[in-house]
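**Q** Sequence:
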Amino acid sequence: MNTAVLDPLIYEFDTAAEAESYDAWFRAKVKKSIADPTPSMPHDEAMAFVDAELERRRAARAAR
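Going by the UniProt record's numbering, the sequence shown wraps up at 64, each residue one higher than the last.
No lab work stands behind these hints: they were computed from the structure.
Ideal Cβ placement from N, Cα and C applies to all residues, glycine included.
There are no misleading hints in this set.
Simulated restraints on C-beta separations:
{"#": "1", "residue 1": "13", "residue 2": "46", "range": "27 to 33 Å"}
{"#": "2", "residue 1": "10", "residue 2": "64", "range": "46 to 52 Å"}
{"#": "3", "residue 1": "21", "residue 2": "62", "range": "43 to 49 Å"}
{"#": "4", "residue 1": "62", "residue 2": "12", "range": "36 to 42 Å"}
Let's have the full structure, built from the sequences with the hints guiding it.
**A** Quick look at the structure:
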């Protein structure tokens, strides 16, 4: 295991081991997502959902 300290101005993680651990975790999440047979939601549909939810919350806050 590589435990070298990384330059914080260049690297997001303190050590190479932390970076490698994160990379492995992230790659596993992506692989699982790609393999998921559940239908994906198109970007436009997702954004319409978010916009509607934000508007609902704004209206609820304004009604107080």
